[in-house]
Each structure stands twice: as C-alpha cells, then as structure tokens.
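Enquirer: The hints should help you fit chain S onto chain W, whose structure is shown.
The listed protein sequences derive, respectively, from chains W and S.
If you count the first sequence from 1, position 40 lands on 40 in my numbering, and the numbers rise without skipping.
If you count the second sequence from 1, position 71 lands on 71 in my numbering, and the numbers rise without skipping.
It is worth saying that the hints were derived from the structure and are not from the lab.
None of these values were measured; they are calculated from a predicted model.
For every residue, glycine included, the Cβ atom is placed at its ideal position computed from N, Cα and C.
Watch out, some of these pointers could steer you wrong.
If the Cβ cut is set under 10 angstroms, some of the chain W residues that face chain S in the computed set are [stated by the list, open to error]:
hint, residue
1, R36
2, E50
3, L56
4, S133
5, P141
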Amino acid sequence: MPKVTESALVAAPAEKIFQMFVEPQRAVMFVPGLSRINNISADKRSWDYEFNWLGLVISGHSECTASEAPKRYQFKTVTGNKSTWTYRCEPDGANTKLSLEVEYEVPQQQLARFASETVLQKMNQNTAREIVSHIKTLLEP
Amino acid sequence: MSIRIRIIDLRRTFVLKIWSRDTDLRSRQIWFAIHPRERDWAVVFCNALDLLMETAKVDRQRISFAEGTGQIAWQRKAFWTIICLDISAFSEKKRHLLAAALLKSARYSD
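With the rest of the complex left out, here is chain W (with noise of 0.2 angstroms):
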C-alpha cells in the first residue's frame, strides 16, 4: 500500500501528545475536514466519523489497532478505501518527535486508480502535514 509520512518536533511531552489521540472526539478539532466523531465504543477503541467535503457529508467506521502510551497510536478507517493511521512520539530531549504514517489502499479499478493515484496522494500528504502542525500549534504555548 502506498503511504505518506509527516513529522515535527513539538515542545511538549510525549504523555500530552497521547492525550490527543486516545480520545477519538478529540481528532475533529485537528483533522482538516473532519466534522463529528459518533458511536464511540465504551473503550474507545471503535467509531463513526463523518467528513464534510465540500458540502458533501462522507461517513464511514473506524477501529484503532494499536494503543501503547505514549509511544504509538493505530487505527484504521474500515470502510471504502482502508488506510491505517499510525501517530509516533519519541522523546527528543524536552521536546517530543511526533510523526504520522499513512497508509492507504488505491481504488482497484483502472480508471478510477489512473485518475486518483496522484490526486490521493498529495491529498494525503497534504492532510497529514496539517494535522501534524495543527497539534504543535495547539500543544505549544
């Protein structure tokens, strides 16, 4: 699967980070697109989310895959074209290297590959790119 990579260093400790993630509500306020987040599991660990694009409203179900404080947090959008979501945070001295991993499938048929191969990956990066700076900004002072 092709995949996209992003990473910043932020200025504040990896347990912080974390808290963004393990909370999956918490995503709408970072993930560019992303309106609501809905039927949350009792533990967290499957949801709803609801994209608005362009007037349009594209809902679908994920489940996170791989929790482990505060170093490395997985999911996985489970409907349509899968993707796999992986968030890192290595302590770099009193900072925190935070990366994002993206992987996604490309539509199977031909014509629709031909056309959105591209497309889907600057869209990705893009995406990628704006939520890692989206948490720095709103985790430093």
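Expert: For chain S alone, coordinates are given in the frame of chain W:
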C-alpha cells in the same frame, strides 16, 4: 462495509462568520447562527474547549478560557444567535486554529 455519502447534512447548524479582525496580539470574530431548535451554547463550547484542553469558566451567556484571555459571548433569540469570540493570547496561528475549531463545533456538534 462501504462509506456513505449524503448531499445534505440535516444535523448541521448554519453558522456564518460575519466579521473578523486580527492584530498581532488579538483576534476577534462575530458569527451569526440560525437554528430551528434551541441550542445550549454553553454545552457546545465547553465540550469543544475540553477537547482543546482548555479550562472553561461559564458565566450566564459568556465563557472565558485561557485564564481569561479568551472569551465567547452570545446573545440568543428563539431561532438565531449572535456569537462573539475574542482571544488575546497565543500566537496568531494558534488563535486562528482555536477559532476554526470552535466554529466547527458550533456548526456540527449535536
């Protein structure tokens, strides 16, 4: 499983940013919200600020956060509300991000 696509979001509240002003130290915005049913803005914004890891203090139709340097005040009528946001702390980038997150909450939270 497949994704679902809808053209119209019936749960959304129509909220329009009608005025904004930024200086080096302060960001102010005014929003106009239309809502067919009454909305508890204190709950909407307190939940959003909690998700943003900001401590909120509610006083009637006003919420303060960021140790008083952030304020959200609103005037509610039956079907519409005027909301004023005023933040005089943080970097300009962070102020914009907080404002965008609060606006998103006003539009999409139930």
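Enquirer: Indicate, hint by hint, whether the structure satisfies it.
Expert: Structure-based check of each hint:
no.	hint	result
1	R36	holds, 5 angstroms
2	E50	holds, 8 angstroms
3	L56	holds, 6 angstroms
4	S133	holds, 9 angstroms
5	P141	holds, 7 angstroms
Violation of the numbered hints given earlier is absent; every hint is satisfied by the structure.
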